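A.B. asks: In case you want the letters, here they are:
There are 2 protein chains.
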Amino acid sequence: MNKLFFPQGTLSIEDNKPAQEIAFCVCGGRKPAASWLNMTAEKLPGTPEFFAADRGLDYYHAAQFYPDRVIGDGDSADPVLWQQAVESGKAEVFPADKNETDLQLLLEILPPDKLWIFSGVYGGRLDHLLSAFETLGTEALQKNRTIVLADEREITVFVPEGVKIKFYPPAEETPVAVSLLAFTEKSKVSVSGTRWQLDETELSRNNPFAISNEMSEAEQLKELPHITFSCLAGMTVFYVAG
Amino acid sequence: MNKLFFPQGTLSIEDNKPAQEIAFCVCGGRKPAASWLNMTAEKLPGTPEFFAADRGLDYYHAAQFYPDRVIGDGDSADPVLWQQAVESGKAEVFPADKNETDLQLLLEILPPDKLWIFSGVYGGRLDHLLSAFETLGTEALQKNRTIVLADEREITVFVPEGVKIKFYPPAEETPVAVSLLAFTEKSKVSVSGTRWQLDETELSRNNPFAISNEMSEAEQLKELPHITFSCLAGMTVFYVAG
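Residue numbers (the UniProt record's numbering), protein chains in the order written: chain A, 1 to 242; chain B, 1 to 242.
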């Protein structure tokens, strides 16, 4: 089991073969709030290893945090920070004219045995977002691994078959919305603690309907309110806003 | 053929069975700039019909434009505007507790023989964006129709097999980026007028690589610079930023 303490709630991942350590990555999409990045990074369990893709370097810097390794073509990071990373031997520099995205290059150097968390992947252009979503989802599916995307506004988890997720918001708070999206053509899920419960329900990618669920009022009255989600078949995207 | 004049460029859709008229929709995602919405709506060919999903009503209002029909649960539109739409008989009101999203409800009332254009679909929450993307892409695929999403920052076209797209930026301008994404598991495409040309090339959904292409310098020297894209098999998403 992995417990990740995000400022907006605790994510518990119940996996048969849990990863022992964390690889935390910041990419060049929407900038995570510096305070969120700082609090999140400090509360990561074990001895996390920090990675940056290009402009992600700037986001670490804003949070006064420094990555262990940096990857990219250096075309979007602050030139001074990029130069420092190169001189310290932390940067892996690729030409700007390449087929792969920075994220795809990053995946090639991430330690395969660690739990991968990505920030700086939301927002921005639709082509970037879809490309990142497909690339990470495919990696999660093919390697049968759980992958987490997060910033202060949204948490997204690629949940393979057989993995259970629990989400505990801070006391007196509830998430704005909880959504489930099939990543494979079909998936089967159960979810409880929510207003609309699903019990071994089939989701299909081309007809999303499990969007904008909420924590149930009954759950909110319990001692440790949380949402429990299980992916029983296929791969499902578990999503929390707010 | 359909020619759509957007402020950031003209999109020409070469289809065997082109739609004669346009259904233009504004949904409740990222607000299109009022000036963009105004200019775009005024230049639509034929006699366009205007639709709003919920908060899309507010976006029309900001552009001093009024939709012909409004759909949703009224929970995110301005209450005064919503009330006016209800009283004028233009609104189709659904309960807030429903399985379908506002967009899915909207699709059920859109005239099937018209070309569908959607604005107010970008940005915001990942679950909303993905749900809209899958819903519209599936509709385009199943009904073998071209569907356009647009605002002042991004244009996205679901392009079925056999359809050709040309994009003409305004004089002295070039798009920030042109990307191609397979919507079906595989698709086959050709693209020219770009720095990286593709000739009957296979794209796969799970390994996106045709991202951030640019108009070629040679094309920019021509009299009427444009990008030509053809979808030869499967369905492909043609995307322009800026």
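Hints are computed from structural coordinates only; laboratory data are not their basis. Here the structure is a predicted model, which is why all the values come from computation and not from measurement. Some clues are possibly wrong.
Derived DEER-like restraints, expressed as beta-carbon distance ranges [to be verified]:
no.	chain 1	residue 1	chain 2	residue 2	range
1	B	Tyr66	A	Asp113	36 to 46 Å
2	A	Asp78	B	Glu161	43 to 53 Å
3	B	Ser12	A	Glu172	49 to 59 Å
Listed below are the simulated BS3-like cross-link pairs for lysine-lysine, each with C-alpha atoms no more than 25 Å apart in a straight line [unchecked claim]:
no.	chain 1	residue 1	chain 2	residue 2
4	A	Lys186	B	Lys186
5	B	Lys222	A	Lys186
6	A	Lys98	B	Lys98
7	B	Lys31	A	Lys186
8	A	Lys31	B	Lys31
Just so it is clear, CB atoms sit at the ideal spot from N, CA and C, and this is done for glycine as well.
A.B. asks: For a C-alpha distance cap of 25 Å, please report whether A/Lys98 and B/Lys98 respect it.
C.D. replies: Violated, because 46 Å separates the two Cα atoms, which is more than 25 Å.
A.B. asks: Could you say whether the range 49 to 59 Å given as a hint is met by the Cβ separation of B/Ser12 and A/Glu172?
C.D. replies: Hint holds: Cβ distance 55 Å, inside 49 to 59 Å.
A.B. asks: Is 43 to 53 Å right for how far apart the beta carbons of A/Asp78 and B/Glu161 are?
C.D. replies: Given a distance of about 44 Å, which is inside 43 to 53 Å, the answer is holds.
A.B. asks: Taking 25 Å as the top limit, are the C-alpha atoms of B/Lys222 and A/Lys186 close enough?
C.D. replies: violated (48 Å)
A.B. asks: Is it true that the CA of B/Lys31 sits at most 25 Å from the CA of A/Lys186?
C.D. replies: Measuring from Cα to Cα gives roughly 32 Å; hence the hint is violated.
A.B. asks: Is 36 to 46 Å respected by the C-beta to C-beta distance linking B/Tyr66 and A/Asp113?
C.D. replies: violated (58 Å)
A.B. asks: Need the status of pair A/Lys186, B/Lys186: alpha-carbon distance at most 25 Å?
C.D. replies: holds (18 Å)
A.B. asks: Is it true that the CA of A/Lys31 sits at most 25 Å from the CA of B/Lys31?
C.D. replies: Holds, because 21 Å separates the two Cα atoms, which is no more than 25 Å.
The earlier numbered hints that this structure contradicts are 1, 5, 6 and 7.
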